[in-house]
Each structure stands twice: as C-alpha cells, then as structure tokens.
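Once you have looked at the hints, place chain B on chain A.
Here's the letter readout for the chains.
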Amino acid sequence: MAALLNAALLLPLAGFLVVLALPRRDEHLIRWTTLFFTLAAFAVSVPLALGPVTADFQHETDLRWIDNPPIRYHVGVDGISLWLVLLVTLLTPVAALASWKHVQSRVKEFFLFLLLLETGMIGVFVALDLFLFYVFWEVTLIPMYFLIGVWGHERRIYAAMKFVLYTMAGSVLMLAAILWLYNATGTLDYPRMLELLGSGEARLGRQAQFWLFLAFFIAFAIKVPLFPLHTWLPDAHVEAPTAGSILLAAVLLKMGAYGLLRFSLPLFPLAAQRLAPAISVLAVVGILYGALVCLAQPNMKKLVAYSSVSHMGFVVLGIFSFTQLGVDGAVYQMLSHGVTTGALFLLVGMLYERRRSLEIAAYGGLATPAPRLATVFLITSLASAGLPLLNNFVGEYLVLQGVAEVDFRYAAWAAAGVVLAAWYLLWLYQRVFLGEAGEEAAGVKDLSPREMAAILPLVALMIWMGVYPRSFLPRITASTARIVQPTELRVERAAPYRASSDAR
Amino acid sequence: MPDNIPWLALLPEILLSSFGVLVMLGDAAMAPGRKWALGMVTLLGIYCAGAAALTSYAVSPGRAFSGMIVVDGAATFFRLLITVIGLVTVLASMSYLRRNRLPQGEYYVLILFSMAGQGLMAASGEMILLFLGLEISSLSTYVLAGFLRQDSRSSESALKYFFLGSFATAFLLYGVALIYGAAGTTELAAIRAAIRNGEAEGGLIAAGAALLFVGLAFKVSAAPFHIWTPDVYQGAPSPVTAFLSTGPKAAAFAIFLRVFFTALPEAGPVWVLVSWISAFLSMLIGNFGALVQNNIKRMLAYSSIAHAGYVLVAFTAGSEVGAAAAMFYLAAYAAMNLGAFVVVSHFASRGERYVEIDDYAGLGRRRPFLAATLAIFLLSLAGIPLTGGFFGKFYIFRAAVEADLIGLTVLGLMNTALAAYYYLRVMVVMYMEEPRETAPVAPLPPGIAAAIVLSVAATFYLGIFPGGVLRFATESAAGWGR
Numbered sequence: 001m002a003a004l005l006n007a008a009l010l011l012p013l014a015g016f017l018v019v020l021a022l023p024r025r026d027e028h029l030i031r032w033t034t035l036f037f038t039l040a041a042f043a044v045s046v047p048l049a050l051g052p053v054t055a056d057f058q059h060e061t062d063l064r065w066i067d068n069p070p071i072r073y074h075v076g077v078d079g080i081s082l083w084l085v086l087l088v089t090l091l092t093p094v095a096a097l098a099s100w101k102h103v104q105s106r107v108k109e110f111f112l113f114l115l116l117l118e119t120g121m122i123g124v125f126v127a128l129d130l131f132l133f134y135v136f137w138e139v140t141l142i143p144m145y146f147l148i149g150v151w152g153h154e155r156r157i158y159a160a161m162k163f164v165l166y167t168m169a170g171s172v173l174m175l176a177a178i179l180w181l182y183n184a185t186g187t188l189d190y191p192r193m194l195e196l197l198g199s200g201e202a203r204l205g206r207q208a209q210f211w212l213f214l215a216f217f218i219a220f221a222i223k224v225p226l227f228p229l230h231t232w233l234p235d236a237h238v239e240a241p242t243a244g245s246i247l248l249a250a251v252l253l254k255m256g257a258y259g260l261l262r263f264s265l266p267l268f269p270l271a272a273q274r275l276a277p278a279i280s281v282l283a284v285v286g287i288l289y290g291a292l293v294c295l296a297q298p299n300m301k302k303l304v305a306y307s308s309v310s311h312m313g314f315v316v317l318g319i320f321s322f323t324q325l326g327v328d329g330a331v332y333q334m335l336s337h338g339v340t341t342g343a344l345f346l347l348v349g350m351l352y353e354r355r356r357s358l359e360i361a362a363y364g365g366l367a368t369p370a371p372r373l374a375t376v377f378l379i380t381s382l383a384s385a386g387l388p389l390l391n392n393f394v395g396e397y398l399v400l401q402g403v404a405e406v407d408f409r410y411a412a413w414a415a416a417g418v419v420l421a422a423w424y425l426l427w428l429y430q431r432v433f434l435g436e437a438g439e440e441a442a443g444v445k446d447l448s449p450r451e452m453a454a455i456l457p458l459v460a461l462m463i464w465m466g467v468y469p470r471s472f473l474p475r476i477t478a479s480t481a482r483i484v485q486p487t488e489l490r491v492e493r494a495a496p497y498r499a500s501s502d503a504r
Numbered sequence: 001m002p003d004n005i006p007w008l009a010l011l012p013e014i015l016l017s018s019f020g021v022l023v024m025l026g027d028a029a030m031a032p033g034r035k036w037a038l039g040m041v042t043l044l045g046i047y048c049a050g051a052a053a054l055t056s057y058a059v060s061p062g063r064a065f066s067g068m069i070v071v072d073g074a075a076t077f078f079r080l081l082i083t084v085i086g087l088v089t090v091l092a093s094m095s096y097l098r099r100n101r102l103p104q105g106e107y108y109v110l111i112l113f114s115m116a117g118q119g120l121m122a123a124s125g126e127m128i129l130l131f132l133g134l135e136i137s138s139l140s141t142y143v144l145a146g147f148l149r150q151d152s153r154s155s156e157s158a159l160k161y162f163f164l165g166s167f168a169t170a171f172l173l174y175g176v177a178l179i180y181g182a183a184g185t186t187e188l189a190a191i192r193a194a195i196r197n198g199e200a201e202g203g204l205i206a207a208g209a210a211l212l213f214v215g216l217a218f219k220v221s222a223a224p225f226h227i228w229t230p231d232v233y234q235g236a237p238s239p240v241t242a243f244l245s246t247g248p249k250a251a252a253f254a255i256f257l258r259v260f261f262t263a264l265p266e267a268g269p270v271w272v273l274v275s276w277i278s279a280f281l282s283m284l285i286g287n288f289g290a291l292v293q294n295n296i297k298r299m300l301a302y303s304s305i306a307h308a309g310y311v312l313v314a315f316t317a318g319s320e321v322g323a324a325a326a327m328f329y330l331a332a333y334a335a336m337n338l339g340a341f342v343v344v345s346h347f348a349s350r351g352e353r354y355v356e357i358d359d360y361a362g363l364g365r366r367r368p369f370l371a372a373t374l375a376i377f378l379l380s381l382a383g384i385p386l387t388g389g390f391f392g393k394f395y396i397f398r399a400a401v402e403a404d405l406i407g408l409t410v411l412g413l414m415n416t417a418l419a420a421y422y423y424l425r426v427m428v429v430m431y432m433e434e435p436r437e438t439a440p441v442a443p444l445p446p447g448i449a450a451a452i453v454l455s456v457a458a459t460f461y462l463g464i465f466p467g468g469v470l471r472f473a474t475e476s477a478a479g480w481g482r
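Chains A and B are the protein sequences, given in the same order.
Just so you know, we're using the numbering used here here: the first sequence kicks off at 1 and counts up by one.
Just so you know, we're using the numbering used here here: the second sequence kicks off at 1 and counts up by one.
Because the hints were derived from the structure by calculation, they are not lab data.
One thing to keep in mind: the hints can contain errors.
Derived list of chain A stretches under chain B, where covered just means 3 residues or more per stretch with a C-beta under 8 Å from a C-beta of chain B [what the hints assert, rightly or not]:
id, stretch
1, 141-147
2, 178-187
3, 245-254
4, 464-471
As a list, the in silico SDA-like pairs of lysine to any residue whose alpha-carbon atoms are at most 20 Å apart [what the hints assert, rightly or not]:
id, chain 1, residue 1, chain 2, residue 2
5, A, Lys108, B, Arg366
6, A, Lys108, A, Ala21
7, A, Lys445, A, Leu378
8, A, Lys162, B, Leu418
9, A, Lys302, A, Trp232
10, A, Lys302, A, Ser357
11, A, Lys101, A, His28
12, A, Lys108, B, Val428
13, A, Lys101, A, Arg25
14, A, Lys108, B, Ala372
15, A, Lys101, A, Ala453
16, A, Lys108, B, Arg365
17, A, Lys108, B, Pro435
18, A, Lys108, B, Gly362
19, A, Lys302, A, Ala361
20, A, Lys445, A, Gly364
21, A, Lys162, B, Arg425
22, B, Lys160, B, Val176
23, A, Lys108, B, Glu433
24, A, Lys108, B, Pro368
25, A, Lys108, B, Arg367
26, A, Lys445, A, Ala362
27, B, Lys35, B, Pro445
28, A, Lys108, A, Leu35
29, A, Lys108, B, Phe369
30, B, Lys160, B, Gln150
31, A, Lys162, B, Val292
32, A, Lys101, A, Met452
33, A, Lys101, A, Gly443
34, A, Lys162, B, Val428
35, B, Lys35, B, Arg101
36, A, Lys162, B, Pro368
37, A, Lys101, A, Ser448
38, A, Lys302, A, Leu292
39, A, Lys302, A, Ile157
40, A, Lys162, B, Glu433
All C-beta atoms, glycine included, are put in the ideal place defined by N, C-alpha and C.
Only chain A is shown next, with the shape it has when bound in the complex (with noise of 0.2 Å):
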C-alpha cells in the first residue's frame, strides 16, 4: 500500500518531467497531460482512504537519504493528512481545469509550475522528517510565486514579492528551531522526535519549548493566516490567477495549519498551552475583522480573501482548544473550506472570464442568462455560510462546541463570525445574480460543459461532507486523539497546581 502513497507524490513530479520534454508550440497535447497527470495523482490517492480506521501512520516509506545529519525519505499518512492530500489531488486537476483557457501566454510554463507545487503540496502533508518537511515548504513557495507573478492581473509583481517574502521570512524561523531540535534530540525523525520526548529520554527546557514554539507557530501563523500576520493574503489572492488563488486557499493555507497540528501541538505542548489564551483572541478578532472587511468589500476576489480569513480563524480556534470536538471541528473546517472557498475562487474566475472585471457592482441580474452558474454560486455560498446539511456547518458546529467547553466568551463572539458570514455572502449573490439583468448581463454564457467537469464534484462534495459527516470523521478522530490526549495529560502532569485550585 505504500506504493500508492509514492505514486500519489511521484505522479505529478513525473508529469512534470514530461511536460518539460513536449514541444512548446503543442499546447493542447500540455494541457491534457497535466490533467492526465493530476487525475492518475487523484486515482491513485482516493484508494489510501479505503483502508481500517487507525490512528497510526499508514503507508509509510524510510528509506535512507542523507547520513549526516540522518534525514530520510519518511513519508506516510494519518487520519488528517489523507484527507488533505485527497484535498490536494482533487483540486489539482480542478484548478488545471479552470485554467485551460484562463491561461494563454507560456502555456508549458504554467502547467510545469502547477505541477510542482502539486508535487511539494503533497510532499508537505506526507513528509514524517522534518527536514524532508521542510523542504517541501520551500518547494511549494517557488511555483506559486511564478504563477502569481508571471499569469496574475496588474499588480501581481508586488503580490508574489510580498508572499515569498513573508513566507521565508517565517520559514527561516522554522529551520532554526528545526536545527535547534535536532541538536537536542539527535533525530530528524517525527515519530521518533516524539517518543525521544515522550518517554523523557530528550528533554526540551520550558523557555526552549516557549522559544521554539514561537518560531514554528509564526512560520505557521503566516501561511494560515492569522490575524494580524494576514496581510499578504488579499494581495496574492486578488492578483493571482484562478488557479492560483484555487489552490491558495484551498491547499497552502492548511499547510499552515497542518504544520499547527502535527508539530506545533505535540512537540511544544507545555508552550502551546501556555499561549492559548493569546491565540485564541487572535484567532476570533481575525474571524470577526474578516467577516467586517468583507461586508465593505467592492471586489468580489478580496472579498472571498477575507473569508478566508475569517474562516481559518474557526481553525485555529479549534485548534487551540485542545478538546477532541474541538480540534476534529478544525479538521472538517480545514477540508471545507479548501472545497467551499476553492469553488469561490473557481466561480469567481468564470464571473471574470465573462467580464474582465472582478468589481462587484459590475455584475447583476446574471441569474437570467446563467441560471447553472447562479444554482452552483449559491450552493456554494451558502455552504460558506455553514447552512446546516452543507459542509462547513459540519466543521464550525464542532470548533464552536468543543471551545465552548473551554471558554463560552470565544465561542460566543466566533458564532457572530457565522452570522456576519451569511450576511456578506447571500449578499454579494444578491448583488451579482439578482435584479435587473442589463444588456451586457444578457449576453453572459452559462457554464460549459468544462466548467461543469470542474465545479460539479466540489459541490457534490460540499453536500456529501454536509449530509454524511461519518464517512470522514471516524478517521479524523483517531488521529486526532492521539495529538489531543497526551497534550492534556502531559500539561497535567506538568501543572499539578491547577488540580490543587480546583480543590480548594
């Protein structure tokens, strides 16, 4: 079974290879390779998913790469990762879909970059080392960086500067620590990181664990991103292409996350819970301050940006939260809102494609010419603004749950988050698809049957995810419990004045 998990890493790598190898000049033949390509990736991955719920690492692979430093080729997939890298194959080929005719110019680039960030996107949800980790977060950083820079709208030069910038600035950070950990343990090794820590063999001071725990959660801060760290993120949105912004928001953002859950939380737990309090404010004023931007909002991409914003803050509230309910309510989150806000960003670019334009007040009434378009818009609008039986209802309901149990103020001010939620996105529908249809409106064409291979599954999806939660929850909670529970028990153990409080 390893083998798939491989495959699933190789696959777009390998497409890589050959597009580089096709004449330039031939770019229908680049175009279906690429979509080849990603689709073998998604085929072969969707198999990972079919195996026993357990909370273990799955389809692992070690083998040797480095001696020394000892960094090895350690891949392999737990409850979280399957499913963001089932993310990651799923919304490549959607994304090279939706570029197919969005692109025109250095076609053969496009599509080589599309699939090495593919390629370093899945890399970062598999790696189990820490270096191998650490260089697929690199890798990822380059491609999107051309795809903003070189295929974005007018002020995309300043948008990817401003990304990578922002992005290294954070993962300088990351490698510090990780060399920092790695002169402390002796091991590059993830799991085996973890059991030198957790049987006590290595040791991490309480300033250490507080110092190394600042710089993986900036590095991680900055991809999710949390407020005040988001800055970058409109920008890269609204000037990158669709595919760019598809996968953006749908993959890069819950790398950042990612990177909270596996490393942030087991590795630093004493800081981790130290700082929450801290994090959660944070992550609730970023939920509230998105959702705001967003009723004021004239372009519809910035628009869907700050939702994004607002949105990941649920994350990492939940994540913060160290309940089960909680951090489960964070995963869910994590793979609906890559689906919703993908399919945003994908309706969006279709809406741009019509009419050059990404203002809103441009549009209106398109809901007589295009009623497919305007059927699928909602959907998807109001399964980000968590309508119960759609997907994100599912993730929200949890987070707000589970940090109920820890403190009703945050879940109380995060559920007007939800509200305003509704408010800005039913409205931008109104705004775009209803009222008087003028004459340019009349002439918009409904969705081709492309459009419809691409949008269809995601909406598909967001009603499964919606509707029948236990197909992905079971798998989540298993691998969830293992980061949740020892983080209590250890706290515990580390904290006893807590329990002598209480009994007072």
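Relative to the frame of chain A, chain B by itself:
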C-alpha cells in the same frame, strides 16, 4: 639529483606550471587562426592536474618536503575544487576571448599559474610556502582583472585590486613574521606544539594571528575588509570575475581553515569573537549592499561578501562539523556562483555592454534555457531546497547551533530571507516584465553551454545527493586536529 624526492606530492602544481609554459610557447609559435587550440591544451592541463591531485592522495598521502607540503584530504578536496573551477572558467572564457578579441595565450597562462598558486595554498603545511602560493595566485589575478586593456573600468579594477591586495599581503606577511618570532618555526604543526608547551610568547602569537586574520579576511572579501570587492568584480572581465569570486576565495578559505585549525586552535575564544563579528558584518553589509544595486555584477559582488559571511559562521563554530560545512559550502558556492557569472558573461556580450539588471527584462520569453539556468543559480544562492546552496546553509547553521551560536544562527537565517529579495528581483525582471529595447543575445557557444550544464548539474547534485561530498569533507576536516 637524489631520487627520493617525493615529486608526486607536487605533481598537480608541476603540471599546471608546465602546461602554462607550454601554452606560452605555443602562443608564440602558433598562427593566429589556430589559437583556439591553446584553450584545449589548457583544459587538458587542468584535467591532468586534477587527476594528479587524486593520484597523489591515493598513492602517497602525508607530509612531503619536510612538512612543507601536506597531501591530506583537505588539500585534495581544495585542489579538486580549484581544478573544477578552472575547468569551468576556461570553458566559459573561450568564446568570451574571441568575441572581445583578447589575446588568448596570456589569458590561459595566467589562469594556469594562478591555479598553481592556489594549489600550493591548499597543500601547504608551512607559512612561507603558504605565502608564496598566495603571491603566485594573486599576481596572476591582478593582471587578469585588468585584462580588458581598453576599458577604463577594467584598469581601475586591476589597480584597486593590486594596491589593496598588496597591502593585505603585507599584513599577512607581518603576521607570519610575528608568529615565527614567537614560535621559532613556520611549520604549522610545530607552531601548535610550541604554543602548547608554553614556549611561544602569547602576546606575539595573538598579534600575529590578528594580522593573519586581516590579510585572509581581505582575500575572502569578508567585512570590514570587503570594500574593494564591488569595484573589482564589476570592472574585471566577467569570466575573470567568476574565477576571482570562487578560486582564490576557496584557496584563501583553505588557508584560513588550515592555519586556525592546525596551528592556532588554542586561541579559540578570541577567534570566536573576531570571526563572529566579521561573519555578522559580512552578511549584513553584503545583503544590504546587494539590495540597492542595479548592476548585476555589483549585485553578485555584494552577494559574494554575504556568502563569505556564511562561511565565516561555520568557521566561528570552530568544530570539525563547522570546518566540513565550510568546505561543503565553498563547493556549492563555487558551482552556483560560477554558473551565475557564466550566464552573466554570455549575456553581457561584446564589451560588457549589458550588465544592468533591467537589461534582463523578458529574458524568460526570449531565451528560456538561459533564463531558467540563471534562475536555478539564483535560487541556489538564495538557499531554496534541493539546491547545493540550501544544503550548504543547512550544514553551516547546523554547525552553528551545535556550537551554541543561536544568536548568530538566527541573524544569519534572517539574512538569508533578506537576500531572497534581491535574487528574486532578477527573476521578476526576467520572467514578469516585458522585453524592452532588446539586448541581443548570441546563440550559446558549446564552451559556455558546457560550463552552464556542468554548473547546473553540480548545483543539483550537491543539493540532492550531498552525502558523498560531505563525507569527504568531514573525513578531511578530522585530519587537522592531529
């Protein structure tokens, strides 16, 4: 003539010098139309020298000429590194010389002699020979820097390099003299023994070591002795700049490591402080200087100051791991920096006309291969994973963390993030801006193409399979303490 003279230990330098003489004679004897053959002879000579370096290490490692020459792993590592640098430089120079109608014979001779000097630097176990090697190498490079005789910038470059260079050499020589005065010997291992036994006068040793540091810091263009670098690198012919920024620098670092690990390890704490400051200043000045450059050669010059700073971080760690990291980094740096300068030298075209960063506008569209390779070199210089530059930095900062230099590590890594800005700016121009009034780009001559492909291959090899080179470096570094 006694027949027990260990010629083999000196064979690489003997070969380089003899081929130099051969090229000189050939230059006089050959018809002007045939001079391209001189390049081939030079390549052959360099190749033989590389093979000789390996043979001499394999057959008879150890000391020779009563300790003046040391054929150990480190010497061989640097000799081979210099060989590869020479090969790439010559490959890249052939068409450059033709295009700019420069005399070919003299050029190759100077490269060969300079390499011979660098080989001696790498293999010297004693301070007089070390100084001689440095002088042989430097004198040739002074001339090379001014090789574009008609160009005033090139003459300026040569003059500056010469004056400041001789000044630095004087410092170095004074340092050697003081240490000799204190320890009574110029042999590195004996100096250490003298210091250990308390026979040497501490104050003199310290003063001598400080002067040595000044001289060597100049040669590797580390701050605060870096001022000459941008002007010299900008004015010198581009292939010469490629050579200057890698070959002599690697050899000077070889001395740096050997002197301080073999002769003066006792002076540890002082070293750590001095080189901590120098490393930090180099990174800071190099990166901030590069941020504001519009000329790509000047930008790469400042970046090479920063890279000297990274190597000094490894040096500051003062451990075997640090020394190995420095050696590995120098190899990776040679690959990526040579590659970048080769592309720059090809693009500059006749008379070094197109050297502004803005001239590169739209190169990604016009010449995808050239642009892609330059992008790879720049990404490696910026330290993006899967390139040699990244692994080099990883090893260096790992050594620094092991030596508890957390502050320097964080400062250094923040510097690498800063550096990403100016490397990426070139890529912005190449890929994201429209071609302007076009700088014509000639088709790639085979020599340049070979040089570029070699550098790309080395950059990726060191980035993906660094194990072999690192193992060699680690084993060699272990030899110094003995």
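Results for each hint:
For a cut-off of 8 Å, the count of residues in the stretch 141-147 of chain A with a CB near a CB of chain B stands at 4, and the three-residue condition holds. Counting residues of the stretch 178-187 of chain A whose C-beta sits closer than 8 Å to any C-beta of chain B gives 4, which meets the bar of three, so the coverage hint holds. With a threshold of 8 Å between beta carbons, the proposed coverage of the stretch 245-254 of chain A by chain B is violated, since 0 of its residues qualify and at least three are required. Residues of the stretch 464-471 of chain A with a Cβ under 8 Å from some Cβ of chain B number 0, which does not satisfy the need for three, so the listed coverage is violated.
Pair hint Lys108/A plus Arg366/B holds up; C-alpha atoms about 14 Å apart against a cutoff of 20 Å. The hinted pair formed by Lys108/A and Ala21/A meets the criterion: a straight-line CA distance of about 10 Å does not exceed 20 Å. This hinted pair checks out: Lys445/A and Leu378/A have alpha carbons roughly 17 Å apart, not beyond 20 Å. Only pairs whose Cα atoms come within 20 Å are accepted, and Lys162/A paired with Leu418/B is accepted, the gap being roughly 12 Å.
With a C-alpha separation of about 12 Å, the suggested pair Lys302/A and Trp232/A falls inside the 20 Å cut-off, and the hint holds. This hinted pair checks out: Lys302/A and Ser357/A have alpha carbons roughly 13 Å apart, not beyond 20 Å. For the given pair, Lys101/A sits about 10 Å from His28/A by alpha-carbon distance, which is consistent with the 20 Å threshold. A C-alpha spacing of about 18 Å is found between Lys108/A and Val428/B, which places the hinted pair at or below 20 Å, so the restraint holds.
Under the criterion of a C-alpha separation no larger than 20 Å, the hint pairing Lys101/A with Arg25/A is consistent with the structure, at around 15 Å. With a CA separation close to 13 Å, the supplied pair Lys108/A and Ala372/B stays within the 20 Å bound. As the CA atoms of Lys101/A and Ala453/A are separated by approximately 14 Å, the hinted pair is consistent with the 20 Å bound. The hinted pair formed by Lys108/A and Arg365/B meets the criterion: a straight-line CA distance of about 12 Å does not exceed 20 Å.
About 19 Å separates the Cα atoms of Lys108/A and Pro435/B, which keeps this hinted pair within 20 Å; it holds. Note on Lys108/A and Gly362/B: the hinted pairing holds, with a Cα-Cα distance of about 16 Å set against a maximum of 20 Å. Distance hint between Lys302/A and Ala361/A is fulfilled; the C-alpha atoms sit about 14 Å from each other, no more than 20 Å. Of the pairs offered as hints, the one joining Lys445/A and Gly364/A holds, with about 14 Å between alpha carbons and a cut-off of 20 Å not exceeded.
Distance restraint check for Lys162/A and Arg425/B: the Cα-Cα separation of roughly 12 Å lies within the 20 Å cut-off, and the hinted pair is therefore satisfied. Straight-line distance between C-alpha atoms of Lys160/B and Val176/B comes to about 24 Å, which puts the hinted pair past the 20 Å bound. Between Lys108/A and Glu433/B the alpha-carbon distance is near 18 Å, which keeps this suggested pair within the 20 Å criterion. The straight-line distance between the Cα atoms of Lys108/A and Pro368/B is roughly 11 Å, inside the 20 Å bound, and the hint therefore holds.
For the hint linking Lys108/A to Arg367/B, the alpha-carbon distance of about 14 Å falls within 20 Å, and the restraint holds. A distance of roughly 16 Å separates the Cα atoms of Lys445/A and Ala362/A; the hinted pair therefore holds under the 20 Å criterion. The hinted pair formed by Lys35/B and Pro445/B meets the criterion: a straight-line CA distance of about 17 Å does not exceed 20 Å. Note on Lys108/A and Leu35/A: the hinted pairing holds, with a Cα-Cα distance of about 13 Å set against a maximum of 20 Å.
The hinted pair formed by Lys108/A and Phe369/B meets the criterion: a straight-line CA distance of about 13 Å does not exceed 20 Å. Taking the CA atoms of Lys160/B and Gln150/B, the gap is about 17 Å. The hint holds against a cut of 20 Å. Restraint check for Lys162/A and Val292/B: the C-alpha separation of about 18 Å stays at or below 20 Å, so the hint holds. Of the supplied pair hints, the one linking Lys101/A and Met452/A holds, its CA atoms being roughly 14 Å apart against a limit of 20 Å.
For the proposed pair Lys101/A and Gly443/A, the alpha carbon gap of about 19 Å is at most 20 Å, so the pair holds. For a cut-off of 20 Å, the pair hint linking Lys162/A to Val428/B stands: about 12 Å separates their Cα positions. With a C-alpha separation of about 12 Å, the suggested pairing of Lys35/B with Arg101/B holds against the 20 Å cut-off. Distance restraint check for Lys162/A and Pro368/B: the Cα-Cα separation of roughly 25 Å exceeds the 20 Å cut-off, and the hinted pair is therefore not satisfied.
At roughly 12 Å between alpha-carbon atoms, Lys101/A and Ser448/A fall within 20 Å of each other, so this suggested pair holds. Using a Cα cut-off of 20 Å, the hinted pair Lys302/A and Leu292/A holds, with the two alpha carbons roughly 12 Å apart. At most 20 Å may separate the alpha-carbon atoms for a hinted pair to count; Lys302/A and Ile157/A meet this at roughly 17 Å. Under the criterion of a C-alpha separation no larger than 20 Å, the hint pairing Lys162/A with Glu433/B is consistent with the structure, at around 17 Å.
Hint compliance for this structure: hints 3, 4, 22 and 36 are broken, all remaining hints hold.
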